[in-house]
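The lines below spell out each chain.
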Amino acid sequence: MTAQRLGLSSSAYFRTNTIRGRNIALISLLVGWSFWVAPFGSNGQEINFAKQIRPLLTRNCISCHGPDESHREADLRLDSFEGASASAIVPGKPDESEVYRRITSDDAGVRMPPPEHGSALTKDEQELIRRWIAAGAEYTQHWSFIQPISATPPSSRFDDWTYNEIDCFIAQKLESTQLSPSEMAEPHQLIRRLALDLTGLPPTKTQVDRFAASPTMQSYETIVDELLASPTYGEHWAAMWLDLARYADSYGYASDEERTIWPWRDWAIAAFNQNMGYDQFTIEQLAGDLLPAATPAQQLATAFHRNTLNNTEGGTDDEEFRTIAVKDRINTTINVWMGLTMRCAECHTHKYDPISQTEYYQFLDFFNQTADADQNDDSPRLDVLSDERKLLIAKLELDIAALKEKLGPPRSVWQIILPQQAQSVENAELKINEDQSVSALGDVADKDDFTLQFSLPAGVHRALKLEVMPEERTGNNVGRSDGGNFIISQILATMPAANAAEPTVKHLFSDAAADFSQSGYDVKLMIRDTVDDLGWAVAGGPGAFSQPRFAVLSFTEPIQLDSPSTLTITLIQQSPWPKHLVSRLRVAVTNIEQAAERFRSNQLEPVDPELAKLEAQKQELSTPAKVPVLQELPLEKHRQSHVMLRGSFRVPGEVVTAAVPIAFQPLPDLAPVNRLGVAKWLLAAENPLTARVTVNRFWSRIFGRGIVETEEDFGSQGSFPSHPELLDWLAIDFREHGWNVKRLLKQLVMSATYRQTGQTSDQRLEIDPQNVFFSRGPRIRLTAEVVRDQALAVSGLLSPKMYGPPVFPPSPVKRIVNAFSGGMDWHVSPGEDRYRRAIYTFLKRSQPHPLFETFDMATREVCSLRRFRTNTPLQSFMTLNDETFVECAQQLAAKMQQHAAEVDRQIEFGLTTALQRPADPQQTSTLQNLYSQTLGRFANDATAASQMAGLDEIESKANNQVAELAALTVVANVILNLDAFFTK
Amino acid sequence: MKKSASSNWAESRAQLQTRRHFLQNCQLGLGALALSQLAGVSPANRLTGQHNSKTDDNPRTSQMPMLAARAKRVIYLHMEGSPPQHELFDYKPELARLNQQECPAELLAGKTFAFIKGVPKLLGPQVKFSQQGKSGQWISEMLPQIGQHADDLCIINSMFTEQFNHAPAQLLLHTGNPQFGGASFGSWVTYGLGSENENLPGYVVMVSGGSMPSGGKSLWSNGFLPSIFQGVQCRSEGEPVLFVANPPGMSRDIRRDSLDALNELNQRELTQFHDPETLTRIKQYELAFRMQVSVPEVMDISRESSATLAAYGAKPGAASFANNCLLARRLVEQGVRFVQLFDWGWDIHGTGPHDDLATQFPLKCRETDGPIAALLSDLKQRGMLDDTLLIWGGEFGRTPMNEARNGSKYLGRDHHPNCFSMWLAGAGTNAGTTFGKTDELGYQVVENGVSVRDLQATLMHTLGMDAHRLSFPFQGLNQRWIGPANDPKVRHELLS
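Line order of the protein sequences matches chains R and V. Residues in the first sequence are numbered consecutively from 1, following our numbering. Residues in the second sequence are numbered consecutively from 1001, following our numbering.
Rather than coming from a laboratory, the hints here were simulated on the basis of the structure. Warning: the hint list may mix true and false statements.
Unchecked claim - Per label pair, the in silico range of CB-to-CB distance:
1. L1108/V with L385/R: 46 to 54 Å
2. N476/R with E1447/V: 53 to 61 Å
3. A1318/V with K801/R: 35 to 43 Å
What the hints assert, rightly or not - In silico BS3-like links for lysine-lysine, alpha-carbon gap of 25 Å or less:
4. K579/R with K1128/V
5. K1117/V with K447/R
6. K447/R with K1364/V
All C-beta atoms, glycine included, are put in the ideal place defined by N, C-alpha and C.
All chains, full assembly: derive it from the sequences and hints.
Quick look at the structure:
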């Protein structure tokens, strides 16, 4: 029976059959997938081109005799019937065919492939070629380039087992093996798997209890719906999307400075949670800015393609790196949506898939028309202030107004002094404003010194405040450099001597403080007596360059005046960085002693602490995030696109205009010829790949292995689908139901296939080691994010806070030094931000948090469609010894201790909490032995015990209690390292 | 007469079949792959680029190379920023004569430089050269101790590259692709050959003083290869490998007890689910336990004699290039396949004393000359230079012109992809020779140019691997270190 079915000979389909009333569409199956079901060519049987011949040609012939004209040898192409039959193959006559003669020749000079390209074909392979030619040398198109064909779910002897359509296809294939479906997973394990798969977090205790009490399909479905509706669902699936989007919180390359693009990450989380259709999700990310009346959220969505790297290293050619970013966008687009690799065609026509070099650059032209150009400030950027924030700000403003009313008018320690005159060495136009500030308008020089005279009232003056303010008339930044920064090399203060004949008196400063200084450009640098490349600058501060900054400068000796006088302030601005000059400034004085020191310790201004807190909150909330986005150039500024010879932007070839590769359907009617048109083209019903690639991706995340295993390659070099009819059925169903992702996921997890146990046997492993036939449930190690989030969740540490700027959980790498940008310190976030989900962890491209690289996340420099799962001792080190994982063990131990007085019940509770299933008595007893052994060791070492238990002081607890908690922490550390804990 | 590749290969395979040999070689650096992941890329197929045949070979099995290998291990000394070849190995008396004269216009036509603007002045070598060793190689007097090893060095003065910004040039050199995403040299080597010590990583990276090179961690990335092939960064100060130390309060005894309990529980899981990954995980925890001893042990240079420490100029506990050179020797001695060192601060532009030829450059020479010489002597003394491949160099060259950025008074040279110097030593490289020539100004290669990809093909060849065939299927291509084109050549002139 099985032998007969092994090849699923065509006759298998001719049974008149119904499954739950659906008829099998015989014809379409035969047309669509007939080449799949042909038998593996044992003698006398039909040859399967797709499965048997194309791989041989691809591996041995096509790189020299394929679509790539520039590398085509002997003007022969063997990738099409026309090419091959023109000279090298005589259909029906292998012995007259040059191809057959060459592959079978004994003469090394004649034999193909040439020895330097590969070894000779085996006898069996030669025989396959011979029979294929003899049968007419028929070529069929690569399977994934043909549109999916709808099939009715088939019937099989496992019909009783099936739950939905997915199962019909799986069952039918199982008939061809010696395998049968596995039993349903044990309810606790099933519900744990389900929650981890849909939300990346373990289920709640109530969910587990509910399902364990009543493991019916109805209660299962209710929990599925609950999980899909949970906001944690969006966080989990957005994490998956970030790999594809090559998301990171830094620019990449040598300097790798921080980039503000997390609002896009939040957009993605929200999009998943709102269950935005995958079609809309696609359109907004690729071309949200081109939609009519694009909303801010739609513009923000385009930051997807601003996750490309930006090179700010000195001496780089911006056009070179702009070009690289644009190429990355098309490679990513085609790879993510169509599962094909375009990158090869950058330098030469694709060797295997039908994309020529010219077509590559035609496609590039669509993406070549955005305004971004590898600028150091990442422009163009969009100001993003979420609606939630706007509401919060409005509320704060009311609170602040009420408090001010109560407090009465403020008293400042500062007295603003009036400018009399202002001069610039380079003739900048220095204008005195009504608010007593001075603005630098007009032309801006690379370097300039400003000299300002102020009338200084009588009295004692001990310190000076220099406010640098944004100037609306020149770009609304504090500085006038292209980015908005300034560098004050030195500040000088002079006064006329008491006797007018004597030279002016220089007043030195003893100390300086500022509300913000750029790393390496501390405010104190401007009170030195030398002028060099350094000074006070303010890049990287909160609110960037649009926020006012100020410096507090203490005089070495107080200025004591009996009558008003004139104070001259000179700003020396001689750094080598061009145009780093202040935009607008104001000066005030005070008689408070040690003003700079007091400012540093927050003791200078007598501000009501409550008011200060509210103001600070408002300030933080009102600063919009500036997010890089795509912005289409106006038509008259469109760039001309060229073929780039050998892929080099310096060697332009022929001019090209936007077009899609001819191997695929044309742009849809009425679609605009721009990125929006491309998005619609990807989503068109005629596109053979997008829906297949998408359902395969979700399938793979749930089942651990794609129907097409090479998720990243649906081209001729990729693997074949294990269940082609199922893939097509899912693809069409997904597209026809509004690209509804939650619906798709629900179908997957409701299937009987998904609900099978992950338990297996040696026999099953022998027949199907990789579970290609899905005859058992997925049992797979969790991803990096889930490994950490789950440990935090079961120990009770996980913060549910969603959205917002990235956070810094503990990391052993305390300082990251990059080649050209100083470096950054990893300051651990305070409060609950220490325990947020991994998706919110700051991701620096050059040095991601060790969690990610230890657990297989690819570097976020280019899009990555699949993570290879590995199993390494470095992973063991992390989950055994890392600060966060140890903290989780300590917390879990504390919970265990609180739960019960008896050790066995404490341990049972720990196991149940971590694994969501009743503890097995053997497990408990093993851990109880560990507990006793360890307790003995800790009883004699109070210091070690309190360290292990994570207690700062021993005083609070008796020694034996500390030792008990320490021993429980060791037990919890083991529980959090169980194979069952890392595996879904 | 060399044996043909195929007969060597057959021999190697035959050898591999003996059980004893199998046991000796059945590990691959660190860790294992989920079984399903490398299907179709059996170890035997890694080296030949045949990926379509399914086999049941264990993906962790170590490999014998397919060609006769002279090098069994690699120590790569990368001078990040790119040292000035005119002051080190490419002796140009004519350039000295033309010092401070305007650069001839024909050299500038159609050229762009990273920083040089207008017509720059030529800059003669700022140091003296002399002929060293029996071979009489011209070597800068800034490298007196390396000079004493002149007869061990195969100097290449005709290297050239296509990239003149740091990150892309470093990526090209190490990952075979100026853009991100490729697999690094060490990853390819451990992918192809595995590791010989199962208690240590097969591929170790160390960075002097902790400043990341421009290309960042991508320079030791596994790229599209599975992540067990990525370089493991070890540190000479602090924890040598991240998380290797038990948490505070946990003794080694308690760790042993807890791993015993963990193993027992995981064993039960294995009995229930039969998942081969569970078995692998049990083994990885045991390996981690052994590494907790083996890694700190190998990284502890205080175990070396004071004479050795002095020879290298190494100081226990510091983070220095000298320490890293000594560690490199300790690591390869323990069977680590690939040690990658990055030293920082060689970007000699001349914008200030921190990057000029008068102050910074001599400092860098002093910091590296002794340690490298000590490493060469040490390897030689232990008989390991015969099968250890050493590579020294930057990512591109520097101009024969003075950069004088913004009118800087400090002397320095701009980035220059047209020519630069590297040297190889050990493992059958052509010791005591200088290969390739540049013009009188040291501006352009005029004889025997060696492209980065040629160098890569040659280095792979010394390790017994055919760079044209060593490949991994990813995104529709059999990805190779040397890129998709077949032009790169093994330069046999560099080999003895």
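Here is how each hint holds up against the structure:
Remark: the range hint 46 to 54 Å for L1108/V to L385/R is upheld by a beta-carbon distance near 50 Å. For N476/R and E1447/V, the Cβ-Cβ distance of about 58 Å falls inside the hinted range of 53 to 61 Å, so the restraint holds. The hint said 35 to 43 Å for the Cβ distance between A1318/V and K801/R, and at roughly 42 Å that hint holds. The hinted pair formed by K579/R and K1128/V fails the criterion: a straight-line CA distance of about 42 Å is larger than 25 Å.
Distance check on the hinted pair: K1117/V and K447/R sit about 19 Å apart at the alpha-carbon level, within 25 Å; holds. Distance restraint check for K447/R and K1364/V: the Cα-Cα separation of roughly 33 Å exceeds the 25 Å cut-off, and the hinted pair is therefore not satisfied.
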